[in-house]
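Chemist: Work out the full structure: start from the sequences and follow the hints.
In case you want the letters, here they are:
2 protein chains.
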Amino acid sequence: MKNKIYASIITIGDELLIGQVIDTNSAFIAAQLNKIGVWMRHRVAVGDQWDDIWEALDDSARVSDIILITGGLGPTADDITKPLLNSYFGGKMVVDEQTLQHVKNIFQSTNRPLLESNYKQAEVPDVCKVIPNKNGTAPGMLFEKNGKIFVSMPGVPHEMQAIMQEYVIPLIREKYELPVIFHKTLTTLGIGESFLSERLKDFEAALPGNIKLAYLPNVRSVRLRLTATGEDAAETQCLLDTQFENLRHTIEDVVVTLDDKTLDQTIAELLKQRKKTLSTAESCTGGALAAMFTENAGASQFFSGSVVCYSNDIKKQVLHISPEDIATYGVVSKEVATQMAANVRELMQTDYTIATTGILGPDGIEGKRVGTVWIAVANNKKVMAEEFSFQYNRQRNKEAAIKFGLNMLRKLILED
Amino acid sequence: MKNKIYASIITIGDELLIGQVIDTNSAFIAAQLNKIGVWMRHRVAVGDQWDDIWEALDDSARVSDIILITGGLGPTADDITKPLLNSYFGGKMVVDEQTLQHVKNIFQSTNRPLLESNYKQAEVPDVCKVIPNKNGTAPGMLFEKNGKIFVSMPGVPHEMQAIMQEYVIPLIREKYELPVIFHKTLTTLGIGESFLSERLKDFEAALPGNIKLAYLPNVRSVRLRLTATGEDAAETQCLLDTQFENLRHTIEDVVVTLDDKTLDQTIAELLKQRKKTLSTAESCTGGALAAMFTENAGASQFFSGSVVCYSNDIKKQVLHISPEDIATYGVVSKEVATQMAANVRELMQTDYTIATTGILGPDGIEGKRVGTVWIAVANNKKVMAEEFSFQYNRQRNKEAAIKFGLNMLRKLILED
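Top line first, the protein sequences correspond to chains A and B. Here this note's numbering is used: the first residue of the first sequence is 978, the next is one more, and so on. Here this note's numbering is used: the first residue of the second sequence is 978, the next is one more, and so on.
Among the clues, some could well be false.
Note that the list lumps identical chains together, so a pair holds whenever it fits in one copy or between two copies.
[Said to hold, decoys possible] Keeping only pairs whose Cα atoms sit at most 27 Å apart, straight-line, the calculated DSS-like set for lysine-lysine is:
hint, residue 1, residue 2
1, 1252, 1012
2, 1097, 1178
3, 1189, 1293
4, 1252, 1358
5, 1081, 1111
Treat the hints as calculated values from the structure; they're not laboratory data.
Modeler: Below, the structure written as structure tokens:
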């Protein structure tokens, strides 16, 4: 039987401890390790304090085989990680010629002079193996001690990510015999965690011991994750697939996406497959739908554009919404949402459109309560509108509007 | 002299350790504690594993006075935090009548039946003080042991945030005599960390011992943070203000925002103060500028709308960009950017506009290299366009385009 291989992550930097930045590196590293079957044991964040970093190294080495460290490698005076690692592993600082050349090249190619602090970036403990950082000046460093490996990486996300993918993951795969771990996820919309768990009681009770179900609730949606562990890859995958189909079948009516895909990604795939186009008309979502669809490469294959009509004048002048209807029914109404969808489709000549108008808060308008949202979707045959009444703050009302609106659009596309 | 009060955060949940969610709770808690002068010692994330949670409690209690715990309190079977805390603090589980009533009310108000798992949410260890959770069903819990306080909170961000702000922060303020800690920040654009540090060498060397300078680099910008600690609030604040003015003065030419404000927030403030309006015409930014401006309440005071013209047809049909100019100069050109800005300003009748057209990648078009971006800003007197050549991936090219574009707009507004 293969041994479980454990990893810890140490993130270093005062900015993490005073809450000035959100730690996205840990999630990236954890996801990468998880995919190859390394078990994350724990994750620690410490400030730029010698004793605390030292203790985090000791604590992590006690419970884990692999210790991954990010942050604290910049050229400025607040970074103490490199001298600390040097001292922790009993080395002395030397200039790494290859790194120095790399740093020089970076500065030459951008016509900037090399500063003293940049020279320092090429200094490394002589007891480490240098890991090249093609995207930046601070190199990664690999140490070994008592059979455990320690990798120090820069905190800049894309620099760390390249080092993880191109160096650390292959190294771990080569060094350890790893057990098998697979996940499959799906996302539900419009049903609470406890109702879902009630419906899944029997399913969960019948799960084999090596498969685990987890609930990840978010605004009006719940992501369900099935995790299978085992020895044999094909067998474990097959068992997971079977149980996943059971799960999906049990709650088919509330499942909106599979495999960690978001609703907008699912819609993008459908539209690209079918060679159809999309436009949006956004009042309360304020461009968030357009920004979401254009986030990923290839968006130009299906996304034409959007009219963000935040003010009523723009609704009238650009989208030709009837001023009488706005006066009669209010700007947050079925009539306005329907016209927005139909008119933006006409203006942008797309196969599908989605339109939003609502009151996200904090203040109400037109005597309507905060959280009232009308959403319309349209294709070449019809326009469908629906009213929602969310009960959250501004940000969560927007999130909910986006999710339910995208789900209306998804269903309309699947009807065709 | 006041003692330093130390805190640790423990976040619980397998989803953190497999990288499926990004931990935003820790940053929120850390920022709240920091503001009142509590020193964050470290922060640990562990999975839903009995021994690991137990060890995290022991480790945190060893170094900190206050231990804040989030996550693991949901109604479903994967949550073991509550029974563990019960056992850790040697209590027995009892039903809390007030919580039960609260849970019943929530379900009644939304016309949903109460499930068995919901009853369980009202069960708490008899050795804790229950902290009401007005936004959800899982209550917070306060424990005390050996003079240290432990607070367990739900992992749902807005539920945890309300408990922190309304209960935990006031409790800590009342219980401890806290030292003084203040921060001031500013953000620079277009200068690298090492060049900045070179320019600030003398400033940094002359800083008094209780003031610390930190660098937080991001895509093309660096946030600088001055932190002052002391005994007397007024004195510490005054010392910090003086040094901050020195800092600002030393690098005045590259400072773009102050006080942790983002560029879009700074622009929003300027426009609201001056009662001016804004529209955007977005090709490569795809609605991200509009979404950014409409994120915050009060956006309708200055933001009118946007035309997201992702496809060339929309550029021609909706924004009336000359097809000849697109054919002659290409869609990523000074001519197109300038016309986009001028025409959207005309269409939306706003005081200012910003227009973007560029190639973010991964693929180039028109024989131009990835990262080429033209941005134009306009007011009633002129249109100004500038070309940028970024060298990152798609996402970072967009971030850079947004920052430099917003800075062009900020400067144009300040000229008036």
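Chemist: Each hint: holds or not?
Modeler: Now for the hints, and whether the structure bears them out:
no.: 1; hint: 1252 / 1012; in the structure: neither (33 Å within a copy, 53 Å between copies)
no.: 2; hint: 1097 / 1178; in the structure: between (59 Å within a copy, 15 Å between copies)
no.: 3; hint: 1189 / 1293; in the structure: neither (53 Å within a copy, 54 Å between copies)
no.: 4; hint: 1252 / 1358; in the structure: within (17 Å within a copy, 43 Å between copies)
no.: 5; hint: 1081 / 1111; in the structure: within (12 Å within a copy, 57 Å between copies)
Violated hints, in rising order: 1, 3; the structure is consistent with all others.
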